[in-house]
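Number of protein chains: 2
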Amino acid sequence: MKYAVITGAASGIGAEVRKRLEAQGYAVIGIDLRDSEVTADLSTKDGREIAKTKALEACGGKIDRLLLAAGLGGHLDDGALVARVNYFGALTLMDGFKDALASAGGQCVVIGSNSAQMRPVDEAPMVLSMLEEDEAKTMDIIGDMHAAMVYAASKHALTRAVRRRVADWGAAGIRLNVIAPGPTETPMLQGVKDHPTISKSLEMIPIPQNRFATVEEIAGTIEFMFSDVAAHMHGSVIYVDGGSDAQVRPDRF
Amino acid sequence: MKYAVITGAASGIGAEVRKRLEAQGYAVIGIDLRDSEVTADLSTKDGREIAKTKALEACGGKIDRLLLAAGLGGHLDDGALVARVNYFGALTLMDGFKDALASAGGQCVVIGSNSAQMRPVDEAPMVLSMLEEDEAKTMDIIGDMHAAMVYAASKHALTRAVRRRVADWGAAGIRLNVIAPGPTETPMLQGVKDHPTISKSLEMIPIPQNRFATVEEIAGTIEFMFSDVAAHMHGSVIYVDGGSDAQVRPDRF
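In order, the protein sequences belong to chains C and H. Note that numbering that gives the first Met the number 0 has the first sequence beginning at 0, numbered continuously upward. Note that numbering that gives the first Met the number 0 has the second sequence beginning at 0, numbered continuously upward.
Watch out, some of these pointers could steer you wrong.
[Said to hold, decoys possible] SDA-like, lysine to any residue: derived pairs with alpha carbons at most 20 Å apart: (1) 192/H to 205/H; (2) 18/C to 61/H; (3) 51/C to 23/C; (4) 61/H to 171/H; (5) 18/H to 228/C; (6) 18/H to 32/H.
Hints listed in this document are in silico derivations from the structure and should not be mistaken for laboratory results. Quick caveat, the model's predicted, so the values are computed rather than measured.
Can you make the complete structure from the sequences, with help from the hints?
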């Protein structure tokens, strides 16, 4: 049996990838706040431990595909919560599943964001404390900040954390990649659209294709990244954003 | 009829993509120095004009897929020749086929290189003169340099030139993307391996997967980039290099 573990499996991109991997014959273990094989809250250390333990039980310690899709949007008031889920929740599970991925010669795709490079957060204290994996310090820095100031930083730090692992994980026979979508027609984006003020952020970033991504486009790209054709793709950050990243910073890549 | 134009179609990655697009039903117009529908030398202005004119005739002014694969390696003595083919040859044809791509709602994939970010060439005079599209000035700067000093710069400038076009080309309904392979088992790589001293450059760059790319892996990724699944991918630089880019510069992406 081939096993796939998906965080954020109950909706949006996670749910769409779930459907596709099931069609390919994978036994999928979903992790989410609801409607999943494992219900757990990835914002807390206890929730992450529950998610890790139960998922490893369900797959017998062998994971062929891991998708870290659980994430909260920049429209929420609680920036600390967004950092806890988007960065510490994702990273704790990624590292917690490393041995199970190595056992299967498995692969991991992490959902980042094209926003990760749209703010000058490279040296932001909250990014550096995330990269130090110091959750308490990060929470002190974030305090009561709105998620609008945290979302991009959490995805930026997560992408760097993934890339810093490629030598070690590659030696263990694991592939590790990031997809960096632009705004995608998910329940999360609906939350942003419905917000009285944060919704305006969607008009700030030029999109040469003049539309948002569909869930199918992002899920289809993840499906490709998980395929054998992509066997030499490792540590890559795959932008699928209608050209926004290229337009905003053409000379960086 | 769907038309594909491929430069460098006679060997390596270009030949493999040709085979795959033909299997999908495309009429392929190959451009190369030999064994192709259009034989032309992309190092010269005349050769580029011949290539452009004959290919546009053959496809009736409508191009669905354009792959710019023609390129020379860093093992050649003649660095100026490498800049002429890799940068000016590629860019002249890309721009020359823009209207034909727009007529078809077409797409273009350009073969870059992961080496494009492995040297600090961002502000190198030859890169800036390439971006100014000043071939004479570029030739003055390069003089009799060995290609070892030009190859990465030519791919770096080409990638930036592509990304600088995304707004305009996106508005014209064209998708434009770059694939950035690491060393790939092609005749070009064989030339590098066979070189008495330049071959040592292959050991300088760490590859977490500890192997080179196969032609099939690069061609398969290009096939994906050309597919409808990738419809929202525009201006992206897709690294397929076994993790080298991520290991060398984990904090940039």
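Holds or violated: are the alpha carbons of residue 192/H and residue 205/H at most 20 Å from each other? At roughly 16 Å apart (the allowed maximum being 20 Å), residue 205/H and residue 192/H satisfy the hint.
Quick one, are residue 18/C and residue 61/H close enough, alpha carbons at most 20 Å? It is violated: about 37 Å lies between the C-alpha atoms, which goes past 20 Å.
Holds or violated: residue 18/H with residue 32/H, Cα cutoff 20 Å? 18 Å, holds
Tell me if the straight-line CA distance from residue 61/H to residue 171/H falls inside 20 Å. 14 Å, holds
Agreement of residue 18/H and residue 228/C with the hint, judged by alpha carbon distance not exceeding 20 Å: 16 Å, holds
Pair hint outcome, residue 51/C versus residue 23/C [Cα-Cα no greater than 20 Å]: 24 Å, violated
Of the hints listed earlier, those the structure fails to meet are numbers 2 and 3, in rising order.
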